[in-house]
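Colleague: Okay, here's what each chain looks like letter by letter:
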Amino acid sequence: MTHHDHTTLMEAPETGTQPGGRVEEILSCYPSDSAGTKANLRRLFMQGRLAGTGRLVILPVDQGFEHGPHRSFAVNPPAYDPEYHPRFALAAGMSGYAAPLGFIEAIAGNYSGHLPLILKLNNHDLLYDEGDPLPAVTGSVEAAMRLGCVAIGYTIYPGSAHCNEMYEKLQFLAEEAKSAGLAVVVWSYPRGSGIPDSKGETALDVVAYAAQLACQMGAHVVKVKLPSEFLFQDKAKKIYEELEIPRSTTADRVRHILQAAFDGKRIVIFSGGSKTSEDAFYDDIRGIRDGGGYGSIIGRNTFQRPWDESQTFIGTVIDIYRGEA
Amino acid sequence: MTHHDHTTLMEAPETGTQPGGRVEEILSCYPSDSAGTKANLRRLFMQGRLAGTGRLVILPVDQGFEHGPHRSFAVNPPAYDPEYHPRFALAAGMSGYAAPLGFIEAIAGNYSGHLPLILKLNNHDLLYDEGDPLPAVTGSVEAAMRLGCVAIGYTIYPGSAHCNEMYEKLQFLAEEAKSAGLAVVVWSYPRGSGIPDSKGETALDVVAYAAQLACQMGAHVVKVKLPSEFLFQDKAKKIYEELEIPRSTTADRVRHILQAAFDGKRIVIFSGGSKTSEDAFYDDIRGIRDGGGYGSIIGRNTFQRPWDESQTFIGTVIDIYRGEA
Amino acid sequence: MTHHDHTTLMEAPETGTQPGGRVEEILSCYPSDSAGTKANLRRLFMQGRLAGTGRLVILPVDQGFEHGPHRSFAVNPPAYDPEYHPRFALAAGMSGYAAPLGFIEAIAGNYSGHLPLILKLNNHDLLYDEGDPLPAVTGSVEAAMRLGCVAIGYTIYPGSAHCNEMYEKLQFLAEEAKSAGLAVVVWSYPRGSGIPDSKGETALDVVAYAAQLACQMGAHVVKVKLPSEFLFQDKAKKIYEELEIPRSTTADRVRHILQAAFDGKRIVIFSGGSKTSEDAFYDDIRGIRDGGGYGSIIGRNTFQRPWDESQTFIGTVIDIYRGEA
Amino acid sequence: MTHHDHTTLMEAPETGTQPGGRVEEILSCYPSDSAGTKANLRRLFMQGRLAGTGRLVILPVDQGFEHGPHRSFAVNPPAYDPEYHPRFALAAGMSGYAAPLGFIEAIAGNYSGHLPLILKLNNHDLLYDEGDPLPAVTGSVEAAMRLGCVAIGYTIYPGSAHCNEMYEKLQFLAEEAKSAGLAVVVWSYPRGSGIPDSKGETALDVVAYAAQLACQMGAHVVKVKLPSEFLFQDKAKKIYEELEIPRSTTADRVRHILQAAFDGKRIVIFSGGSKTSEDAFYDDIRGIRDGGGYGSIIGRNTFQRPWDESQTFIGTVIDIYRGEA
Amino acid sequence: MTHHDHTTLMEAPETGTQPGGRVEEILSCYPSDSAGTKANLRRLFMQGRLAGTGRLVILPVDQGFEHGPHRSFAVNPPAYDPEYHPRFALAAGMSGYAAPLGFIEAIAGNYSGHLPLILKLNNHDLLYDEGDPLPAVTGSVEAAMRLGCVAIGYTIYPGSAHCNEMYEKLQFLAEEAKSAGLAVVVWSYPRGSGIPDSKGETALDVVAYAAQLACQMGAHVVKVKLPSEFLFQDKAKKIYEELEIPRSTTADRVRHILQAAFDGKRIVIFSGGSKTSEDAFYDDIRGIRDGGGYGSIIGRNTFQRPWDESQTFIGTVIDIYRGEA
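Note that the protein sequences, when read in sequence, are chains A, B, C, D and E. According to numbering that gives the first Met the number 0, the first sequence holds residues 0 to 324 in order. According to numbering that gives the first Met the number 0, the second sequence holds residues 0 to 324 in order. According to numbering that gives the first Met the number 0, the third sequence holds residues 0 to 324 in order. According to numbering that gives the first Met the number 0, the fourth sequence holds residues 0 to 324 in order. According to numbering that gives the first Met the number 0, the fifth sequence holds residues 0 to 324 in order.
For the record, the hints were derived by calculation from the structure and aren't laboratory data. Warning: the hint list may mix true and false statements.
Same chains, same label: a pair holds when it works inside one copy or across any pair of copies.
[As the list claims (entries may be wrong)] With a straight-line cut-off of 20 Å between C-alpha atoms, the simulated DMTMM-like cross-links for lysine to aspartate or glutamate are:
#, residue 1, residue 2
1, 264, 104
2, 224, 23
3, 168, 141
4, 236, 65
Given only the sequences and the hints, what does the whole structure look like? Please build it.
Modeller: Here's what the structure looks like:
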C-alpha cells in the first residue's frame, strides 16, 4: 500500500497537458474550497498563452454599461458587436472574459467552454448620479450556471456611504456561487465620500486596504488599481514612514499589495498602468510581474484600438508575464 | 434499575480523558441548548493548555478588516499570512481563533478540527465613516458549517443610532446558528452617539449594561472591554453610590460585570488591560481570574509582536488562568 | 349518546381537577383561534393560586434589557440570577413569566412546563435615545416553540413616529405565532412625539385607545398601564364630558378600558398602581378586580424587594383577585 | 457570583407548586431534548392525581378505528361521544388522553390545555386484512401543533413483514415532532409473520426487544404489553436460563423490561393485566409499580364499563401508583 | 511575499499541541471534501490514546437493536445503561462511539464534544426475518447535526437482493451529510442470497469487493470484517492464484483489502479477530497494523465483559496500534 505522494502526483502533469506545479501551488492556498471551485480556477489558469504559468490576463468589457456605448465603442465600431470581445481574447491567448449579463448571453452559447467566462453580477450606469456609488445587481448565480461561466464578478466601492449594502449582497452571492462550484472575482475600487480626494482612490494604503477587504470577504480573485506612491490615511502614513515600507517602484508597491492580500495567498490582478507611453505601460507590467502580482485586467486598451494594434499590444503584455519580454 | 446519577457520570471522566466537573458545571447553565451547541462549547473549553479549567483565551484577528492591513500587520510582517494566526494559537495552547470569512477560509481546510474556529459574521472598515457605527454582515451560518466552525461571532454597538439593525440581524443569525448546533459569541462594544464621551465606552455601568444586553439576546459567550471605575449614566451612578457597589479593583469590577451577565451564568471574556507595563497587564488578568471572569480575548498583543515574545506573553497569561502565576 | 352540552361538559370538571366555567366563558370570546392557542391560554389561566378564577398575575422581567442590570437588580442582588424569577413566580403561585430571549433560554430547560413562559420578542435599551421609541425584534416564534413557551410578547408604542414599523412587525409575528398554536400578548404603551405630555401616556382616553389598538391587531392578551382620570385628546374629552362617562374611581376607569377592549371580550391586564403606600396599591388592585380587569402584570414590585417581603406582597395581590382580601 | 446550584433550584419548588425532584430526575435522562419537548413531558407528569409522582396513567381510545365502533362502544353507548373520554380522564385524574385525529379534533378546542393530548399518527382498521399488519399514517405533526397536543403517538409492529416501512415513517415524524417541541410516544407491539405463535407477542424476551427497539428509535415514552414468563426466541431463552434472569413475578418481568429500556432511563408504560379478577389486575399494577414501571395505559377497562364503575376502578389503579393501595 | 509552504505549516504543530503529519497525510487523500468534513475526521483522529497516530479504535453499540437487549447486555448488566458505553470509550481512550438514535440521544447532551459520536442511520432487527437483509433508516442527518455528531454511519449488505435500495438511500444521506460538513462511515457487510455460503461473507475476494464498493459510494471511513484466506468467487480465485497474490497472513490480507480501498487512500477499519484466545486476537491486531489497516471497531469484546477486564483488553489493543505491544 502506498499513501498519497505529492511528488508522484505532480510528475505526470509535467509530461502531459496538466499544468505544472505553479497552478497547484496557488490552489493549495484555497484549502477550504470545493473541487468545483478549484476546477474553475484551474480553467482560468490553463487558458491561452499563459496556461500553467500562474499568471492571468483578463479582458473585461463592462464599459458599455458603466460609461455608455458611444464612449466605449464609437472609436472602434466593430467593438459594438458582442462577439468581437471573446474572439479578441481567444485570438490573443488571454485567460478569460468578464462582462455583464447581456454581453455574456450574446456569446456564451458559442464561446462558453472555449474561453473562461466571468459574469459580472453588479453594474452601475451614469444616467443617474447618486453621489456615493451603489451598483445594481444585474445578474445571478443561476444565470452564471446556465451560461457555463467559471466565476461571478462583483464590484465593491469601499469608502462609499453605501458600502454595507454592497458588502452584504456580495456575502450572499459569493456563498451561493461557492456552493455551486463557481469562483468569485471581486473588483475592489475605493471611491465615494469617504475618500473625497480622487488621489486617495489609488493611494498605496487605500489600495492595500481595499485588497484586504475583498480577501476578507472571501474573494478568490481580487482586482485592484495599480497603486501610486501617495499615502491617504494619516494613521497609515505614519506607519509606512516609521517602518520605511518600500514604495518607490511599481514592484515595491505591488509587493506590498500582495502582502495585504493574505501574504500573496490570494490571486490579485491589476488594472491601469502608465498612460505616457506603451513602453512605460510595459514597465508597469514588468513591475506587477516582479512584485509577485498575478496579472492584469485590461479593457479599454484592447477594444478601443484597432484589432491588430491591440493584439500586438496584448501579445507584448503576455510575453512579459511569460518572462519573454 | 438505576437512574441517571450525575455524580457517577462525572467520576469516570476524572480517571480518563474527559474534563473534570468545571466544564460541565458551566454547561449546566445552558439548559435549553441542543447537544450540538453544547458539543461546540465543550470543544472550546477542552482546547489547548486551558482544557478543562473552565477558562478561555481566544485569539481574534479581525483588525485587517477593521483597521486595515498596514496598521494591523506591518509591524510584524509574517502576520500578513493567514496561517500565522492559527499556528500561533496552537503553539501557545490558546482556546480558539476568531476571524472574518476570508481569513477563516484561507486556513479552515488545514486547521478546522485542530483548533476551534469562530467565524465573525459582521465587520466594519474605516474607509467610510458613517458616524454611528454599523458593521456589514460579511459571512453566514452556512459558511460556518461548511468550514467546520464551532461558533459564529457577531459585534453589536449599543449606543449606536443603528443598534436596532444590528440587534435584529443578530436575532436572525443566532437562531439559525443554534438550529445548526453552533454556539454564538457576541462582541458587545458600547459606541456611538448615545455615548458621546469616549470614557463612557468603558464605564463600569455601561459595560455591565452591554454585557446584559448580549446575554438577553441569547449569546452563549460575551466579549466586553475591561471596564474602568468611571460611571457614565447619571441614574446608574446614583445607584452604585447609594448601594456602595465595590468597584475600586479590577476584580471588583469583573465581579460586577459577571453579575450583570446572569449572575455568572453566561461566559464572559474580556479584552483590553493595562498598557503601562506587562506586569500591570498580568495584574489585570489576575483581576479577571479572581473576579470570576471566564478569560480573555487577546489580539494585537499577539500578532503585533515577534512570535517568541508574544508566545512568552500569552504563556504567562495562560499560566495565570491556570493558577500557576 | 348525548351531544356536546356545555353544562354537562362543565359538570364533571367541577367534581375533578378541571377548572370551573369561568375560564371557558373567557375562551368562548376567542371562537376563531386554534385549539393550540386556546390550550396555551388555558395553561395561563390554570396556573398557580389563581387557577380557574379567570384572573392572571404575570411576572415580567425585561428591565435588565430596558433599563440596565444595575437599575434593575442591584437593590436585590439575588435577582441578577435568571433562576430567581421563575422560582419566585412558582413560589408565589403567579400565572406566568415573561422575559426576553436570554432570560428565557437560561431557564426554559428546567422550568418550561412547570410555569407558563412568554417570550418577549421585542425590546429596547437606553444606551441610544432615538427620540420616538422603536424597539428591536430580539426573538422569534421559532425560538418560542423550541423553548416550550405558551405565548409571544410584543410591545407597541402608539404615538411614536415609528408606530407603523412596530405594527407591521407585530402583524407578521402574531400571524406566525397563531399558526404555531401560540398566544399573543401585546404591551400597548402610548409614548412618543404624538403624546408630548407625559401625563397623556396614562390618560384615560389614550389608554382606552391603546387597548383598542392592541385588540384590533389581534392580541389575545393586552397589557396597559392603569389609567388616570386625566383626558388628553380634546375631541375625546368633549365626548367623555358630554356623556358623563364615569371615571372618578379606579374601578370606573378599568371598566371603561375593558369596554374599549371589545366590551370585556379581550383579556386586559394592568401594570402600575399607587406608589403612596401598599394599602393604596391594594386598593388599586381591588379597583381592577371590581372594574372587571383580568389581572395585573407586576415586575419591579417583585424583584426589587427582598424575597419574603415581595412574596407577602404578591400573596396579598392574589388574595384580592381571589376575593379573599 | 454564584453558579448554577442544582440543589437550590429544587428547593424552592418543594415549598411551592412546582413538582418535587422525581419528575426532574426522570427528565435528566433526556439531556438532548429541547426545552419545548421537556415542557410537554412535564405537562404529562404534572397532570391529575399522579402529578409529581413520576407515574402516568394514560387513556387511549383508538379502538373505534382499530376494531370498529360496535366492538368498542356498543356495550357502553355514551362512549360513542368523543367528549366522554376526555371528561372521563379529567374526572378520574388520569395523566393524558391519546386518540386518532378525529376524536382529538372533536374535543381539542374545549379540552386542550386542560388535559394533555396525544395525537395518534398511525392507525389500522380491520376491513382489509393485509396479513402482516401495516398501519396507515392518519395524522401529522402540523395537526398536533394546531390542536395543542403534548405528543405524537405512533405504533410499530416489530415482527411484521412491513416493519421497515413503519420504522422509516416513525423516523421522519419523530424528528419533525422533536423540532416542534413535541414528545414522541411509541406503542411497540410485536406482531406479524415473524412471531407466528401468538404467545410470542407477550413473551418476555420479545417484549424486552420491542421496548429496546422503540427506545433506540428515539421514543420518549414507550408503551408495551405486560409480558408473560414465556420465552420465544431460542437464542434468548438460552441466555435467560444460563444467567438465571428472574422472571417469575410481574415485578421481576417489569424490572427486566425497564432494563431493556435503557436501564430505566426511558419512560415505559404497560397495557394489559390479569383478566381473571379486579384484584388480580390490581396485583399486576402493584407489580408494575414495584418493578419500576412508569405506569399504565388503560383503554377498554375504562370506556367499556359504566362511568362510575370504571371511575372507581381507575381510582384504585391510581391509588396503587400513589402507594396508597 | 512568501507562498504557502507545507513544510513550514507542519513544523509548528510538532512543537505545539497540533498532531504531527500523519493525520494530515491521510486527509490529503480527501481533496474534494469540505473543511467541515475534514474537521470532523480530524476530531476522530485526535481523540483518546491514539490521537495523532492515524489509527482508530471505535466502539460500536448497535447490538441492542440488531440482536436484542438480552443477547447484548444480560451477560454484563451495567451495559444496559446508555451511559456505560461513552464512559467506557472515554476511560479506555478510544477514538469514537457509534450507535443508533436512541442510544446517542440518551447521552449526546452530556458527552457530545467530549467524545466523537457517529449516528448509525440504518438498523435491522431480528423479530422479522426477511431472508435477504434490508435495514430500516432510523435516523437522519438533521438528527446528527442537532446531536453534535462527527459522522453518520450506514450499513450496506452487498449480496442482498435489496442492495440497490440500501445503496440508493446511502447516496442520498451521504450527499446530505457532506453538505452539512459531516463524515460518512460505511459498514460494508456482504450477506444475503448472493453469498449463500456463510464462509463467503469473510472471503478475501468478497471483503475486498465490499471495501471497494463502499469507497466507490463515497464513504470516508469503511468498516469491513477481517477477511479469511478463503476465496469465494471462481473468477476471482483464478486471478488470485495466477498472480500469486499473498494471502497467507493477516497482514497480507489486510494489505490486499487496503489496495482495494483506493490503494490505501480510504480509511478502512476492521471488525472481528480470532476467538481462540486473547493472544491470537492481539496477533490479528498486529496483522491489521502491519498490513496498513487504520484500526478496529470493537463492540461485543468491550461491553460483554466486566469493565476492568475489557478496559485492560482494549488497552492492549491500543498499545499494539501505538506500536508499544
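Colleague: Next step is simple, just say for each hint if it's right about the structure.
Modeller: The hints, checked one at a time:
For the homomeric pair residue 264 and residue 104, the shortest alpha-carbon distance between copies (11 Å) is at most 20 Å, but the shortest distance inside one copy (32 Å) is not. Neither within a single protomer nor between protomers do residue 224 and residue 23 lie at most 20 Å apart by alpha-carbon distance, with minima of 26 Å and 38 Å respectively. Proximity of residue 168 to residue 141 under the C-alpha cut-off of 20 Å is found in both arrangements, the shortest distances being 15 Å within a copy and 15 Å between copies. For the homomeric pair residue 236 and residue 65, the shortest alpha-carbon distance between copies (17 Å) is at most 20 Å, but the shortest distance inside one copy (33 Å) is not.
Hint 2 from the earlier list is the only one contradicted by this structure; the remaining hints agree with it.
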